[in-house]
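For the protein sequence lines, the chains are A and R, in the order given. Numbering follows our numbering, in which position 243 of the first sequence is assigned residue number 243; successive positions increment by one, without gaps. Numbering follows our numbering, in which position 109 of the second sequence is assigned residue number 109; successive positions increment by one, without gaps.
By construction, these hints were calculated from the structure, which means they are not laboratory data. Keep in mind it's a predicted model, so treat the numbers as computed, not measured. One or more of the hints may lead you astray.
[Said to hold, decoys possible] Simulated DEER-style distance windows between Cβ atoms:
1. R/Gln10 with A/Arg471: 21 to 27 Å
2. R/Glu165 with A/Gly145: 52 to 58 Å
3. R/Thr94 with A/Ser437: 27 to 33 Å
4. A/Asp364 with R/Thr94: 54 to 60 Å
5. A/Gln424 with R/Ala113: 30 to 36 Å
6. R/Lys131 with A/Glu589: 51 to 57 Å
All residues carry an ideal CB built from backbone N, CA and C; glycine is no exception.
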Amino acid sequence: MALLQIAEPGLSAAPHQHRLAVGIDLGTTNSLVATVRNGISVVLNDDDGAALLPSVVRYTVDGSVQVGLPAQAAQNADPQNTIVSVKRFMGRGLKDVGDVVDLPYRVVDAPGMLQLRTVAGVKSPVEVSAEILKVLRDRAERSLGGALVGAVITVPAYFDDAQRQATKDAARLAGINVLRLLNEPTAAAIAYGLDNASEGVYAVYDLGGGTFDISILRLSKGVFEVLATNGDSALGGDDFDQRIYCWTLEKSGLSQLSANDTRLLLTHARAAKEQLSEHGQTQLTAVLSGGEVVDVTLTREDFYAMTQNLLARTLQPTRRALRDAKLGVDDVRGVVMVGGSTRMPQVQRAVAEYFKQTPLTNLDPDKVVALGAAIQANVLAGNRSADDWLLLDVIPLSLGIETMGGLVEKIMPRNSTIPSARAQEFTTYKDGQTAMSIHVVQGERELVSDCRSLAKFELRGIPPMVAGSARIRVTFQVDADGLLNVSARETNSGIESAVTVKPAYGLQEDDITRMLQDGNQYARDDMLARALREQQTEARQLLEAVDNALAQDGALLDEPAIRQIRTCMNDLSSIVDGGDHGAIKHSIEALNQATVNFAQKRMDQSVASALKGHKLSELEN
Amino acid sequence: MLPISADFQQDYFSLFGLPLRFQLDRNALEQHYRTLQTQVHPDKFSHLSQSEQRLSMQWATRVNEAYQTLCSPLARGRYLLSLHGVDTQEETNTAMPLDFLMEQMELREVLEAARRNKDMAALDNMEARVKLTVNELQQQLALELDEKQDYATASGLVRKLKFMEKIAEEIGAAFDELDS
Numbered sequence: 001m002a003l004l005q006i007a008e009p010g011l012s013a014a015p016h017q018h019r020l021a022v023g024i025d026l027g028t029t030n031s032l033v034a035t036v037r038n039g040i041s042v043v044l045n046d047d048d049g050a051a052l053l054p055s056v057v058r059y060t061v062d063g064s065v066q067v068g069l070p071a072q073a074a075q076n077a078d079p080q081n082t083i084v085s086v087k088r089f090m091g092r093g094l095k096d097v098g099d100v101v102d103l104p105y106r107v108v109d110a111p112g113m114l115q116l117r118t119v120a121g122v123k124s125p126v127e128v129s130a131e132i133l134k135v136l137r138d139r140a141e142r143s144l145g146g147a148l149v150g151a152v153i154t155v156p157a158y159f160d161d162a163q164r165q166a167t168k169d170a171a172r173l174a175g176i177n178v179l180r181l182l183n184e185p186t187a188a189a190i191a192y193g194l195d196n197a198s199e200g201v202y203a204v205y206d207l208g209g210g211t212f213d214i215s216i217l218r219l220s221k222g223v224f225e226v227l228a229t230n231g232d233s234a235l236g237g238d239d240f241d242q243r244i245y246c247w248t249l250e251k252s253g254l255s256q257l258s259a260n261d262t263r264l265l266l267t268h269a270r271a272a273k274e275q276l277s278e279h280g281q282t283q284l285t286a287v288l289s290g291g292e293v294v295d296v297t298l299t300r301e302d303f304y305a306m307t308q309n310l311l312a313r314t315l316q317p318t319r320r321a322l323r324d325a326k327l328g329v330d331d332v333r334g335v336v337m338v339g340g341s342t343r344m345p346q347v348q349r350a351v352a353e354y355f356k357q358t359p360l361t362n363l364d365p366d367k368v369v370a371l372g373a374a375i376q377a378n379v380l381a382g383n384r385s386a387d388d389w390l391l392l393d394v395i396p397l398s399l400g401i402e403t404m405g406g407l408v409e410k411i412m413p414r415n416s417t418i419p420s421a422r423a424q425e426f427t428t429y430k431d432g433q434t435a436m437s438i439h440v441v442q443g444e445r446e447l448v449s450d451c452r453s454l455a456k457f458e459l460r461g462i463p464p465m466v467a468g469s470a471r472i473r474v475t476f477q478v479d480a481d482g483l484l485n486v487s488a489r490e491t492n493s494g495i496e497s498a499v500t501v502k503p504a505y506g507l508q509e510d511d512i513t514r515m516l517q518d519g520n521q522y523a524r525d526d527m528l529a530r531a532l533r534e535q536q537t538e539a540r541q542l543l544e545a546v547d548n549a550l551a552q553d554g555a556l557l558d559e560p561a562i563r564q565i566r567t568c569m570n571d572l573s574s575i576v577d578g579g580d581h582g583a584i585k586h587s588i589e590a591l592n593q594a595t596v597n598f599a600q601k602r603m604d605q606s607v608a609s610a611l612k613g614h615k616l617s618e619l620e621n
Numbered sequence: 001m002l003p004i005s006a007d008f009q010q011d012y013f014s015l016f017g018l019p020l021r022f023q024l025d026r027n028a029l030e031q032h033y034r035t036l037q038t039q040v041h042p043d044k045f046s047h048l049s050q051s052e053q054r055l056s057m058q059w060a061t062r063v064n065e066a067y068q069t070l071c072s073p074l075a076r077g078r079y080l081l082s083l084h085g086v087d088t089q090e091e092t093n094t095a096m097p098l099d100f101l102m103e104q105m106e107l108r109e110v111l112e113a114a115r116r117n118k119d120m121a122a123l124d125n126m127e128a129r130v131k132l133t134v135n136e137l138q139q140q141l142a143l144e145l146d147e148k149q150d151y152a153t154a155s156g157l158v159r160k161l162k163f164m165e166k167i168a169e170e171i172g173a174a175f176d177e178l179d180s
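Please model the complete structure; the sequences and the hints are all you need to start from.
Structural data, given as structure tokens:
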């Protein structure tokens, strides 16, 4: 077991079966899945040998769904039902997506997150993303020959709470157990760092299809510590395509294109962009639906000029991240390039100029995130990794609540290391006030209206008191996925009421069930079988974990306590191979309950041993 | 083997095996922080039982909180005073020495001018100046807390540090503003 490595000599944990876990890079343009095989992280290809799955989903009249290349092939002919770059819509309302008018979709505004009207009905970005994830899950399970224990899904570091929650929901909808949401630049750093056994401060410049992240990390003795992160969750290769598209319209004297023509020209724009990474100039030629011929020559110089300010928009967050990390350009030992868009020569040049060094590109920028995610997934699934390492990540944006006058009181500053908890006290402003409205926001600006609203809830039942004498303690807890939970309680009166909120855009268990039931019979049966398999996997994993724990630390318990745990284990073992998914779930809970005290003792011992380690190291100094 | 009880309530200094002093060995703190997180971080528990996952989350949160507190001189000073039963009264006690308040007003004027004139060099200068003052305050705080045990004077210094931290934050925000 990776954790409590304080076994007595000669009392090592039993070898266990390799658990199937994958890392998934759910990208704006392409998605990938990778796993650790024989200690090496590898990308899993599809049957045709392709690693990249285009993140394109097409809905058809007969209800079937195409994902990847076939969908991409149909995008010019059927643009309204073929969703590309859906990642840009994750956790986003209509007003957040400024350039939506240029996109060939029928967009429906909905509370929290926009939706897309397709021939197969209205689809949320979460459902569209789930289709991509399902294909990757199937690819992995076929390739590895078994059910997955879980997956690490990567997200842009600068994704806010809404976007993270949406990603996690998509994975759940696709029947994937999410081991962790991992920031993309951090994933890349793992792949690079473990490869090169590097030490020092590194910058990860990650320009993908639709998002930009910059992370500053310190690598030291197997610890990856993110010092600061910044970015722009609506800036990427798509914007470079858009620039070429707009330039082409202007150059050809065109305006107001149909959905099909828009998609056609955007596809050509992207091809032209890729051409310019290799050649000095390129020809963009297309015949529109009305017979008009577009035929323009685009040079590298023109392309550089029209995208200059996009590059500037990446350097600004870069400067901020360095400032937040309290470091200068000279402190950075290496710059890692991630994301397909870093193939553009002007991007590499701008980064090299800023950091005064040639950026590292020895790992494929399209694959490095998935490779790193797979390494993390392998560790989280409990497969022993050759070298012990630890990842310490941060939240990208400050979290706060609204106070009088529409101002934001920051409770947790950006770049706080997670998991993290912060509490702050507030009070009432009217005599006899019995309720308080709590509005949770995310962002750096002073005004609530300039920040992103995450959740609103009310704390009721405050005992009537004079204004200013109630003590409302608001606690923010951010977990290791970077997801937030907020609770509030009145502490002064001794009467405590507490409420825990999940942001409103998050899917509830009921929503997931409903979405699954909306699917066809085959999908439903498939889901039930999957649910059973998942329970069985979880049960076996738990049995093995407790068994190992007892072997290692049974001495911490007395006989009756051990007997009680063993009884629960036997109960679970006896039904784990049966078909009753509810009973297995119940027994898992019982065993979890029975081990609470044991877990506490083991944790105490573990912390104490770490402390003992200090004392020794101090003596050595 | 006898279990050694690790008290969840123990103070942050003891948690990292450090003496209860304002002056601290930054290297030792970082090293101990990493050792502890390696033991308690949720990544090490994700394949174990729910109880262990929950405990790990609580511990990792606490270790992060402790580390953040000890890293920041302001938070460390305030925390050390609270351990001695002294409330620094940063919200309520605004009776600052006149010369200090004058300096604060002057700093704010310089900041406003720098923002108005989009003067990065002026911001750089200010940042350096604030850093210098903060360093001086920290040295005084170390003296009052570690040598003289004069907690009333130390409280006043913490309140001054709080002012300086606020202005440092505003300088940071001004940098961001000028950079956009």
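Review point. Okay, A/Asp364 versus R/Thr94 on CB: inside 54 to 60 Å?
Key: Given range 54 to 60 Å: holds, Cβ gap about 58 Å.
Check your understanding: How does the Cβ-Cβ distance of R/Lys131 and A/Glu589 compare with 51 to 57 Å: does it lie in that range?
Key -> 54 Å Cβ-Cβ, so the 51 to 57 Å window holds.
Point to revise | Assessment of proposed distance window 21 to 27 Å (beta carbons of R/Gln10, A/Arg471) | key: Given a distance of about 26 Å, which is inside 21 to 27 Å, the answer is holds.
Review point. Between R/Thr94 and A/Ser437, does the beta-carbon spacing fit 27 to 33 Å?
Key: Hint holds: Cβ distance 29 Å, inside 27 to 33 Å.
Exercise for review: Using the beta carbons of R/Glu165 and A/Gly145, state whether their distance is inside 52 to 58 Å or not.
Suggested key: holds (57 Å)
Review point. Honestly, do A/Gln424 and R/Ala113 meet the 30 to 36 Å range at C-beta?
Key: This hint holds: roughly 33 Å between Cβ atoms.
Figure legend: structure checked against the earlier numbered hints; every hint is met.
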